[in-house]
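Visitor: The lines below spell out each chain.
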Amino acid sequence: MTLKNVYDVVVIGSGPGGLAAAVAAKKEGAQDVLIIERDVELGGILLQCIHNGFGLEIFKEDLPGPSYAQRYVKEAYSLGVEVLLDTMVLDITPQRKIYAASKRNGFIEIESRSIVLAMGCRERTRPQIRIPGSRPAGVYTAGTAQRWVNVEGYMPGNRVVILGSGDIGMIMARRLTFEGAKVERVLEVMSYLTGLTRNYVQCLLDFDIPLQLRHTVKRVIGNNHVEAIEAVQVDEKWNVVPGSEEIIPCDTLLLSVGLIPENELSRKAGVILDPVTGGPVVDDNFQTNVNGIFAAGNVVHVYDLVDWVTEAGYQAGKCAAAHANEVRRKEHHLIPLIAGNNVRYIVPHMLDKRNLEGSEIRLQMRVSKPVEQPVWLEVHDKNNLITRRAERYVRPGEMVTVVLKPDHFTDVNKADSLTIDVVPR
Amino acid sequence: MPESYDFVIIGGGVVGCMLARWLSRYEGSVLLIEKEADICMGATAANTAIVHAGYDPLPDSLKARMNVTGNQMWDQLSGELNFPFERRGDYVVAIGDDELPALDTLMQQGKKNGVMGIQILSKAEMIVREKNINPDVSGALWATTGGICDPFAVTVAAAENAVLNGVKVMLNTAFEDFIMEGSRIVGVKTNRGDIKCRWAINSAGVYSDQVMHKAGVRPEFIIKPRRGEYFVFDRADITIDNVLFPVPSEKGKGILVTTTLHGNTIIGPNANIIDDKENRETTKVGLNEIWEGAQKLVPSLSLKYVIAMFAGLRPYGNGPCKTPGIDYQHDYIIEIPEDVQGFVNLGGIESPGLTSAPAIAQEVVDMLRDAGEEMKEKKGWDPIRRGRPRFRDMDHEEQKRLVHMDPRYGRVICRCENVTEGEIVAEIHAPIPALTYDAIKRRTWLGTGRCQAGFDMPRVVKILADELGVSPLEVSKKGQGSEFLARPTKQVEN
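Top to bottom, those sequences are chains A and B. For the first sequence, my numbering assigns the number 708 to the initial residue and increments by one for each residue that follows. For the second sequence, my numbering assigns the number 301 to the initial residue and increments by one for each residue that follows.
FYI, nobody ran anything at the bench for these hints, they're computed from the structure. Note that CB positions come from ideal geometry on N, CA and C, so glycine has one too. Watch out, some of these pointers could steer you wrong.
[Claimed, not checked] Now the stretches of chain B that chain A is said to cover, found in silico as 3 or more residues with beta-carbon under 8 Å: (1) 661-673; (2) 769-783.
[Claimed, not checked] Coverage of chain B stretches by chain A, computed from C-beta distances (three or more under 8 Å per stretch; other residues unrestricted): (3) 698-705; (4) 741-755.
[To be verified] Here are the simulated distance ranges between beta carbons: (5) B:Pro-731 with A:Asp-915: 49 to 55 Å; (6) A:Tyr-1052 with B:Glu-386: 40 to 46 Å; (7) B:Lys-584 with A:Pro-771: 38 to 44 Å; (8) B:Val-770 with A:Glu-1033: 24 to 30 Å.
Modelling step: build the complete structure from the supplied sequences, incorporating the hints.
Guide: Below, the structure written as structure tokens:
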């Protein structure tokens, strides 16, 4: 695939938000749309969510994650969305320049008229909730374990304790049970379930996996590999209830303790983040404070249903396309003013040709060298003289002005650029 | 017929590896044995990563001399071995007027120890230099020769240079006993067989007491590991660029707020004496202790931005200071004992052991020469160890050139720290091969960021398995017994 130098819309990430944004941008009339995905396939985390429950709102169907993703992947390809896989975006500038790298395409530098940030979120980790103890193998976030099992085809362990009653944790409890592991316990520090009730019923109750509310992990035990964890009961203020300590032998501790929008790239682009959501501050078009940079899906705030992520992606993609089209129109009408013979500079540097239809445009400049005899200041495109102004002399110390009038519109409108030269009269 | 060496070094921490590099300069065969799956797994692995100026140790102690001499060797060392090192200077910060006199005491002590470039700063000067400092600051001691380093990078660089100059390194090789002929050591017994040697060198860190006891040396010397716990902060959210010590107490140099070469702020350590030489657990009490201690220096820190926590063990020993008239029981032991031949004995090399390591290595070479070893310089000894590309430290133009030369550097495996496949593969095939996940992590810094390996881990395990030609089931975090995966999932028949 040959990459273009400039795209209308570049979407970063191909989870449900990114896929919807790319599809919507294309449908809204953006010409060149590119998705950059760091994994080797499109679909994002949906690909490892092989359980059902996706699409009830949008398709009125109960789909597994990969099937849900596939509908948008197909649509994106059929609309002609370009795709870079196994490619990591390294940097985005506020001017919408994107730096990325991949093994296949090497180091990539492209510009885009609009960008949609759709990087999703990452999982909260053990240090972030500060579980003390040793640092052995066998402590994983639920999502990483999900990838091991559903994508790579390996089991992280056989006796599992899960901390956190988030949806991924409960779904993994069921999944690991299917695979023959013993899930000893799901512990939840809050006094209530943090995931969906339907997951509690279908993933825990149906499989006799005990859920203990107001319980947490006090300590990880085992030097090389997890050998056990120490569970404790806590009160409303999360203080340990004395005497409630219990050692639970296990080889794996999974953490399902929250998601954090992933906005490292957004920061580099100068996007302002909301400290509460962890995601960009956006308007109703999902545009951030940086002109032309949009954000959609879990990168903005953590959703509970994928259908809503798709909907947000759609809106962001649509608005990104509209923005790109506006920029394109402007680029089409904007031409540079070139300082030619004996002209040091011209202000403005560029002009929007449409503005000449109804009004004059004053071009102000200084010359490089004095000429003490009559001269012309000639304005021309590549081939034709458009207008000229007579001066008795020109000196660097005295600014000179040439005025373009509405009469010149027809000529200027055909030009790709305008050059101004000083020539003897 | 067992293998035979002139020198066998027991223990691959910074002291052992630096010594290997120093000995590699001279004729004679050298073997370094390390019980773990990688070098740099003990005290060197988990500390504050500071090259100390030398105002802390008691004047006229061996510790003080090694510290100050060692500190001066770091610029040349980092140039020769190509590891990053920055002399940022460090501050001892007095909070409240009560602590102010302690700065003067430290300054006098530093001058006695021969530390150059120390001065006392006023409250106003300190606030200008660190805007996040506790507003109750009353003054600070400023030591210009303090520095920061990456202890893994230092140790790996020294060991690699040693290997390139002919030293052999055996990992997963645990010392069991000495082979003696009368009072002379003629070899060591290990879990992988006997090894003959003319000299055995004890650089076994927290186990150095047990090793010397096997030779019958200093039965009264014991090491009680001193455990220190740490928090690491996300560099995107918290940026303290200075090395800030509190005023020291009898428990040691106290709980710092400092920065790493990787740009992360870290806080710690506390100092708890424990019995178990393998217990690197963090504790709720200990973590609270460092949190409170750090807030004393920088009240604006927030626990919300903690991305990692760890604990390290220091080999805190009871070695007596040999200088007459000084009653100090925690000095370094660096000696060739009189009653056992063929033995170089190092013990109690706690902080500032990292700073002192090159000076200790030089001291041992001098001792060996005094003991009658010729120590003849080898022809063709190369002091230079070349570094390897670090994608994340490059600007975009350099990255472009690197990726153009080798496309594997274009595949980013660690999203937070921007570590590439090219770097990982290079470490797996380096002179000291990185054979475990943690070995790669310590060399490349992957997995140390805010997602703590959530993204890279399955990918790194695959690369390790492919490069080593093993199943992913055999790939471990830090050696045998720490494998990531238990078994394949159920197989489905189509």
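Visitor: So, for every hint listed, does it hold in this structure?
Guide: How the hints compare with the structure:
{"no.": "1", "hint": "661-673", "in the structure": "violated (count 0)"}
{"no.": "2", "hint": "769-783", "in the structure": "holds (count 10)"}
{"no.": "3", "hint": "698-705", "in the structure": "holds (count 4)"}
{"no.": "4", "hint": "741-755", "in the structure": "holds (count 6)"}
{"no.": "5", "hint": "B:Pro-731 with A:Asp-915: 49 to 55 Å", "in the structure": "54 Å, holds"}
{"no.": "6", "hint": "A:Tyr-1052 with B:Glu-386: 40 to 46 Å", "in the structure": "44 Å, holds"}
{"no.": "7", "hint": "B:Lys-584 with A:Pro-771: 38 to 44 Å", "in the structure": "41 Å, holds"}
{"no.": "8", "hint": "B:Val-770 with A:Glu-1033: 24 to 30 Å", "in the structure": "56 Å, violated"}
Hint compliance for this structure: hints 1, 8 are broken, all remaining hints hold.
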